[in-house]
Every structure is written in structure tokens, then in C-alpha cells.
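Protein chains: 6
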Amino acid sequence: MSSVTASVMTDWRPTLYTVCVRDHVMIAHSLRGKIFGPAQRLHGATYVVDLELRRPELDSDGLVVDIGLASTALAHILGEFAYRNLDEIAGFRGKNTTTEFLARVVFDRIAQRIAAGDLGESARGLTSLRVTLRESHVAWASYEGALMASTNAC
Amino acid sequence: MSSVTASVMTDWRPTLYTVCVRDHVMIAHSLRGKIFGPAQRLHGATYVVDLELRRPELDSDGLVVDIGLASTALAHILGEFAYRNLDEIAGFRGKNTTTEFLARVVFDRIAQRIAAGDLGESARGLTSLRVTLRESHVAWASYEGALMASTNAC
Amino acid sequence: MSSVTASVMTDWRPTLYTVCVRDHVMIAHSLRGKIFGPAQRLHGATYVVDLELRRPELDSDGLVVDIGLASTALAHILGEFAYRNLDEIAGFRGKNTTTEFLARVVFDRIAQRIAAGDLGESARGLTSLRVTLRESHVAWASYEGALMASTNAC
Amino acid sequence: MSSVTASVMTDWRPTLYTVCVRDHVMIAHSLRGKIFGPAQRLHGATYVVDLELRRPELDSDGLVVDIGLASTALAHILGEFAYRNLDEIAGFRGKNTTTEFLARVVFDRIAQRIAAGDLGESARGLTSLRVTLRESHVAWASYEGALMASTNAC
Amino acid sequence: MSSVTASVMTDWRPTLYTVCVRDHVMIAHSLRGKIFGPAQRLHGATYVVDLELRRPELDSDGLVVDIGLASTALAHILGEFAYRNLDEIAGFRGKNTTTEFLARVVFDRIAQRIAAGDLGESARGLTSLRVTLRESHVAWASYEGALMASTNAC
Amino acid sequence: MSSVTASVMTDWRPTLYTVCVRDHVMIAHSLRGKIFGPAQRLHGATYVVDLELRRPELDSDGLVVDIGLASTALAHILGEFAYRNLDEIAGFRGKNTTTEFLARVVFDRIAQRIAAGDLGESARGLTSLRVTLRESHVAWASYEGALMASTNAC
Numbered sequence: 001m002s003s004v005t006a007s008v009m010t011d012w013r014p015t016l017y018t019v020c021v022r023d024h025v026m027i028a029h030s031l032r033g034k035i036f037g038p039a040q041r042l043h044g045a046t047y048v049v050d051l052e053l054r055r056p057e058l059d060s061d062g063l064v065v066d067i068g069l070a071s072t073a074l075a076h077i078l079g080e081f082a083y084r085n086l087d088e089i090a091g092f093r094g095k096n097t098t099t100e101f102l103a104r105v106v107f108d109r110i111a112q113r114i115a116a117g118d119l120g121e122s123a124r125g126l127t128s129l130r131v132t133l134r135e136s137h138v139a140w141a142s143y144e145g146a147l148m149a150s151t152n153a154c
Numbered sequence: 155m156s157s158v159t160a161s162v163m164t165d166w167r168p169t170l171y172t173v174c175v176r177d178h179v180m181i182a183h184s185l186r187g188k189i190f191g192p193a194q195r196l197h198g199a200t201y202v203v204d205l206e207l208r209r210p211e212l213d214s215d216g217l218v219v220d221i222g223l224a225s226t227a228l229a230h231i232l233g234e235f236a237y238r239n240l241d242e243i244a245g246f247r248g249k250n251t252t253t254e255f256l257a258r259v260v261f262d263r264i265a266q267r268i269a270a271g272d273l274g275e276s277a278r279g280l281t282s283l284r285v286t287l288r289e290s291h292v293a294w295a296s297y298e299g300a301l302m303a304s305t306n307a308c
Numbered sequence: 309m310s311s312v313t314a315s316v317m318t319d320w321r322p323t324l325y326t327v328c329v330r331d332h333v334m335i336a337h338s339l340r341g342k343i344f345g346p347a348q349r350l351h352g353a354t355y356v357v358d359l360e361l362r363r364p365e366l367d368s369d370g371l372v373v374d375i376g377l378a379s380t381a382l383a384h385i386l387g388e389f390a391y392r393n394l395d396e397i398a399g400f401r402g403k404n405t406t407t408e409f410l411a412r413v414v415f416d417r418i419a420q421r422i423a424a425g426d427l428g429e430s431a432r433g434l435t436s437l438r439v440t441l442r443e444s445h446v447a448w449a450s451y452e453g454a455l456m457a458s459t460n461a462c
Numbered sequence: 463m464s465s466v467t468a469s470v471m472t473d474w475r476p477t478l479y480t481v482c483v484r485d486h487v488m489i490a491h492s493l494r495g496k497i498f499g500p501a502q503r504l505h506g507a508t509y510v511v512d513l514e515l516r517r518p519e520l521d522s523d524g525l526v527v528d529i530g531l532a533s534t535a536l537a538h539i540l541g542e543f544a545y546r547n548l549d550e551i552a553g554f555r556g557k558n559t560t561t562e563f564l565a566r567v568v569f570d571r572i573a574q575r576i577a578a579g580d581l582g583e584s585a586r587g588l589t590s591l592r593v594t595l596r597e598s599h600v601a602w603a604s605y606e607g608a609l610m611a612s613t614n615a616c
Numbered sequence: 617m618s619s620v621t622a623s624v625m626t627d628w629r630p631t632l633y634t635v636c637v638r639d640h641v642m643i644a645h646s647l648r649g650k651i652f653g654p655a656q657r658l659h660g661a662t663y664v665v666d667l668e669l670r671r672p673e674l675d676s677d678g679l680v681v682d683i684g685l686a687s688t689a690l691a692h693i694l695g696e697f698a699y700r701n702l703d704e705i706a707g708f709r710g711k712n713t714t715t716e717f718l719a720r721v722v723f724d725r726i727a728q729r730i731a732a733g734d735l736g737e738s739a740r741g742l743t744s745l746r747v748t749l750r751e752s753h754v755a756w757a758s759y760e761g762a763l764m765a766s767t768n769a770c
Numbered sequence: 771m772s773s774v775t776a777s778v779m780t781d782w783r784p785t786l787y788t789v790c791v792r793d794h795v796m797i798a799h800s801l802r803g804k805i806f807g808p809a810q811r812l813h814g815a816t817y818v819v820d821l822e823l824r825r826p827e828l829d830s831d832g833l834v835v836d837i838g839l840a841s842t843a844l845a846h847i848l849g850e851f852a853y854r855n856l857d858e859i860a861g862f863r864g865k866n867t868t869t870e871f872l873a874r875v876v877f878d879r880i881a882q883r884i885a886a887g888d889l890g891e892s893a894r895g896l897t898s899l900r901v902t903l904r905e906s907h908v909a910w911a912s913y914e915g916a917l918m919a920s921t922n923a924c
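Chains as they are written, first to last, in the working numbering: chain A, 1 to 154; chain B, 155 to 308; chain C, 309 to 462; chain D, 463 to 616; chain E, 617 to 770; chain F, 771 to 924.
Since the hints were derived computationally from the structure, they do not count as laboratory data. Think of the CB as a built atom: it goes at the ideal place given N, C-alpha and C, for glycine as much as any other residue. Relax, there's no trap hidden among the hints.
Every beta carbon over 10 Å from chain A, so not counted as near; a handful from chain E, in silico:
1. G649
2. K650
3. I651
4. P672
5. S676
6. D677
7. G710
8. V721
9. A727
10. A732
11. D734
12. G736
13. R746
Looking from chain B toward chain A, a few residues come up when the C-beta cut is under 7 Å (computed):
14. L170
15. T172
16. V173
17. C174
18. V175
19. R176
20. D215
21. G216
22. L217
23. D220
Let's have the full structure, built from the sequences with the hints guiding it.
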């Protein structure tokens, strides 16, 4: 029946398992550009960070990922920035450390740790990630994307 | 390796940045059709509204969108309905103003404002939106979709 | 303009309406495998369960699904496990009842009920589901996927 | 030591056990008085309702109250108002059904049910209640107070 | 009956109406003292701020306070600190701007505005306040206290 | 003015600073007594635990308590029960480990640690505690009370 086919195609959704772990980090920074208004001044934020890890099949333990290793990796990555003024971190020179930019930074570092095996061998089966930074009760930003084939391959 | 390729394809996820802003609106309405049971009577709701805006690349300020302009646009759109009986709004005659229907209404109005430049020139780089209306601690509805090519083109 | 086309393709998102209902269940279980550490002991969890139901078009009542029928179906499925030790349920023998595994179990049972017509005739227009189990304020897991074509066909 | 004594007196806090159950209700109403601005129009609200029940000692089952009976009583009371226009309820004529006013209404009805034995014999040991109505993600109101001696006496 | 009397006295709770409004503020600061560890460095925070206003009787409109005036007063007070480095604010020199300290600062400023009539004449009937600053999903601090008699008197 | 005096007395609220830290624990248990219905079977729960610590004056660092020490103490206490079947813990024999009962258990253990100096010398200035266990999105229980004078005295 054609309308059914059309519907299924319109909602082509992958089969996916997701696990999410939450942590937080408190930082200072300033933003450059008049679009930022008062946020051009040195201020700060608490980011409550959600790390979602995804794969189409569970591993042999029935898991997406070892939640302990995922939490530890996230804590280590946030620890690099914790109680810091981001304006003084060399790697961020010339960048606006917006919430969406920082979501990408955390994504890339987690992807590297997965590739390095820090989340366990089984984590090589992960196919995509999403990192969300909640900056208040009324605003958040996220970055999501696929993990490179090189990550998934042995 | 073929199983890796299969996995990546099964979880074909776009690279996406998302920013979300939250607001709320309080309205009265009634619903027609026996499926609605007691909700056929005139009653009301608070909708806590999440507007998610998405794009594959950040703009030159490192942003998905000017969060101030997005919040203002959402507030204006909700302001049309705030403290109103939706049964008396001409545009909704003959429609059931269900939560999912209203999510679509907000989506369409935001899309129009983006096309009109109300969220800034950079907002023309937005590629999709999601609007979620939370009606209680145990129920919500959303509408999501791509923005028209005409919106993205200059 | 090629960059615009590319963007739209990168963010190819289906047009989708979603409705979500929430319930919860409290269970005991144990997990097998040294990766689980202390969770190998008999312990338990409260799972706050979000059932998302999706379709590309609303039905003739302006609904994704009859929210009352969806809530009842979810309550019945959770009722099978409520206040139980999952280690003693025959269908789970030899399985690790991880949060992600249980999300899949609830998904499959809801899909069966949709196919059986328990969520109403209109629910046959549903095209995908997502089931999320929140196990604490810092961790959750979900399973999502398309409903079979056989579900959508009459 | 006098400063210690003073501290203890300043923070004279009763020893108390509390149990809370949550439900919700959706209503329409209007408010009279120019202080209400646009809320003078017919509109509506979802109230997420928290009922806290308190006592200084647990009963012989180790409970503050039978949580099932408390939830049922709350559901029945909210059911009186569910999907109703409060402006048409005889008992509210000439009253502004503000959130704080409605918190008191729910409090009084729960107190009556406790006195009537609807929450069980043991519930006569309850000494105070608090009822909170959350009307959005940024506003709530509550009413709290002691239960009458007549409630506590056998 | 003496045990009843004892219970009522142990749980001597005032009859109270409360209204709460929520807002937020993002700031930078540093803390002095080795007890603060890495928080001695310049960092920042988002504080989600809940302002609770209390009184034993509603005013003639059926209100604890004009919620619009209360929200505006809170926004103005937080606006003094928004996107600021608290280390550079003259009034905070020599103070540790801990979360609990800042809760008191907001409390005192709201109390002054109530006394000045900024929350309306009726707000003179308010008898106590509580200010809570949520700094993450796992930590918050508050300050609460009575309003001076001079505030309540005409 | 007598009505003012009455109001102030009715709302006699202590001046109090509070700090709260949150953690969680997952356990199995069963409850005895027909009032518990299906919860008489072996099942389990996740408790999200809020520990509130209170005092009328801040210490010389501007703190209610060292939040790091408070979090560590809470984690240690919950660690005693984590991933355990409470029915097998000797100290709970013959007790119903209801949510409200467990709130008291955590309270008592924290009070002992404060008295022992585990939360720092300054923590002796704490005058009361509240422990809340959230068992689902619709139910929680708490225990609160004053700390003994012996705790506050040096």
C-alpha cells in the first residue's frame, strides 16, 4: 500500500540503543562579538552535561557501554575545564566558547577516548554520540554525530 | 569490514548542533470527538514549550542562533495564544487544538519568522526545528521537521 | 546553491509528530559478568519509563495516538514486572536484564499491542517508537526503532 | 554554652516524617481584578499537585500513611475539577481561583478525608499537610498547616 | 489526650501560603580559603534562583503577592550581578561569595524592595521569604527568614 | 498593631541557611504487612537522596558546611546499602525498610558522622538536617529533625 510505504520512508528511523550519563562542570569565560551583549563581559556558567552513547546492537554483556567507564571518561574530560577561566586555555584562543562549541569539544574528546579504548573494547561498537550542555532551566545546546568508521573498525 | 559498514549505515546520524530555549503559555480550549472523553468539556492547560533549532555547522560567531532573538520570537508567538480560549481563535475553527497540533502551529510560525529574518541573517543556516509542548509531568507532544530549502537559500 | 543543498542533506530529518507518556516500575534483579561489579549482587531499581510514539501525519482526530490507551498499555506492560525479581521470570533466563535490554523488552511488547489493535485502529499509523528507562538522576537508557510494515498495513 | 542554646532555639525544628505523592489536573478559569491583567480572560492551566503528609512518628507498619490510599484520595479530589471551567463551579462563585486559593481547597478536602478515615485509621496520626500546585516551570504556590486536634484524636 | 497534644506541639507548623517564582543568573567569581580547593581559581556558575514569598492569609485579590511584580523585582536584583565577575563588585570585597552567602544577598535585597513597596501595598502582608540558588543538578543552597515587623506594619 | 503581631507569630520562621547535596542508591527489599500489597514481594528501588544541612549562621569561610565532605559522607553511608538486598542486613531484621524509615536511617548516620567530626569542625555549628528519598517521579519521603545539643557543643 503506497501510503504506508511513504510513511515508513518519511519516518526512516534507525534501530538504536542509547545510554546516557550525566555530570557537570563550572567555568568562567567571556564571549567576543556584539551579538553577545552583556555576555561579552567575563562571567561563568554551570553546565550539566549529558553524554549519550549509541549503537544498533548490544554487546555480549547486554550493554551499550560500561557505564562506569563512560562516567569516568566524562568526569576526566570535564575535569580539564573545571573551575577554570576558559579564556586562558591555549586550545581555545581565538574561539568563542559558546555552549554549542563546548558540546563539540566534549564530543571530540570522548570520541578520541573511545578510539583509544578507554571505554573498553566493546565500546568500539558505538556508532554515534550526542553531548548536551544544559546552561540553565531554560536553555541548552548539543552536538551529535556519527563516530568515524576508523573508530568502529578493529 | 562489512559488519562495521552495516552498523554505520543503520545508525546514519547527521552531524548536528542544536540549541533549545524554553518558555510557557496558559490557555483554555475544548476538544471534539468522543475519544477525548471529559476533555470535550471546556478546560485548559499550561504548555511548557521547548524550541529546538538545528544546523550542521556553527555560524561565524560560533552559534547555532542568537538565543536572545530565538527566545523573543518564541515569546511573541506564544503571546498570541496566552490567556486565550483557543476555541475562539478564528484560525483554529474546525480544528482540534491537541497538544501535537499546537506543536505544529508553533513550528510553522517559527519557520515563518526565520524565513522573514526575525532570528537574524545567520538563522538562514538553520536546517530543522523541533517544538515540544509539555502538558504535565507525565505527557508531552512534539513536531519536528526540516526547514524548506527556500528558507536556507539566500 | 551547493552548500545549501549539502546542509539540507546532512540534516535530513523526517517530518514527525511524537507523543510521550510516562509511568514507572520498581523491580529487583542481579546482573552476571564481572563488568557489573557490585551490581552482580541482588539489588533493584526504580525505572521511570517514557514511551514515545511517532508518526508523520496526525489522524482524523488530530492525534498521534489515544493517550489514554497508550498509558493503559504501558501500565499493563510494566505491571507484568512490577514488584518482581526479574531473575525469577522465565522469559529472562540467561539474559542480563540491563536497563537497555529492558527498554527493548518494553518496546517489543508495545509494538505487539499496537499490532493487536490495543491502542486503537488509528495507532496503526504509528511508524516508530522510543522507550526510555531512567534509572537515576544521572543515568538512563533507551531503545528506538521503526514499527514493522506489517504493523502499518491494514 | 549560650551561643549553642541560642542556635538550637533559632533553628527549633520539629522532628518530622513526610511522605509526598504527585498527580495533576487541567482546568479552565478566569480571574477578576485588574491586577490579573490578561489573566482576567478565560484561560486555563495544568497544575502538577504535590500532597505532603506529615507526622512525628511512624505507624506500626513503618509508614507515614498508606501511599495508595493517599494517591487515591488526591486523584478523587482533583477529579472533581478535572477538565472543568472553575468559573462554573457553584462553590467557587465570587472567589478568585488563584493557584494559592486552589492549594487551600485541596488541603481542606484532604483534611476532611483524613478525618473521615478515607486514608486509613493510622492516618489519624498525621499532624500537618502541605499542598503545592506547580503551574509552570517557573511558578508554583502552596498551602500548609496543622491538622485539627479533632483529626488527631480518636 | 496527652499524646495528641504532644504530637501537635512536636509538629507545630504555621498556617502558610507560599508563592514561588524562578529565574536565573550567570556569574564568575573565585573563593578564598584552602577549603575551596580548585574553586579558589576564577570560575563561574549558573544559579537557578527560586524566590518563595509567604504569608498566613491571602490578600483581598486571593493572592500571596502580585506574581508579575515579584518576578520583575527578582529579575532586577539578579540583573545587578548578571554576566559579572563578583570579585570586582565593591560590596562583596573581602567576602566569599558562596552560594549560601548569595542566597542571603538576594533575600536582603528582596526584603528591601518589599519594604519600599515595589511588590505592591499588599506585599506588606508578607511575613517570611526563602531564596534558593541551585548551582547544579546535585547541589543547592538557600537562606530563609522572617521579614521585619517594620515591613509588616503600615 | 495586633494583627501584624499575630501574623508574625503565626509565621514564626527561623533564620536559616541550608545546603543540599544529592546522590543515589539502588537496593532490593520486601515489605511485610498486607497494607503493602504486591510490594510484599521481593522488589527494589532507586532512591535519589537529598541531604539538607542547616544552621542559623555561616561559618568563617562563609559556608554552611564543606560540600565536599558532606557529599563524601553521604556517598559512604549510601555505599553501605548500595546493590544490597536490605532484607539480609542484620540491623534491619524485623523492620519494614520503607522509604520513610530509610530516610531516618540516613539521617541518624549523618548525625553520627557530624558528631564524630567527619564533616569538619565547623559542621558542629549545624543545627538540623533533612534527608529526602525520591523513589519515583511521583513519590518521595523525608525525615527531618534537630541535631542534639551535644552535637553542637564543643
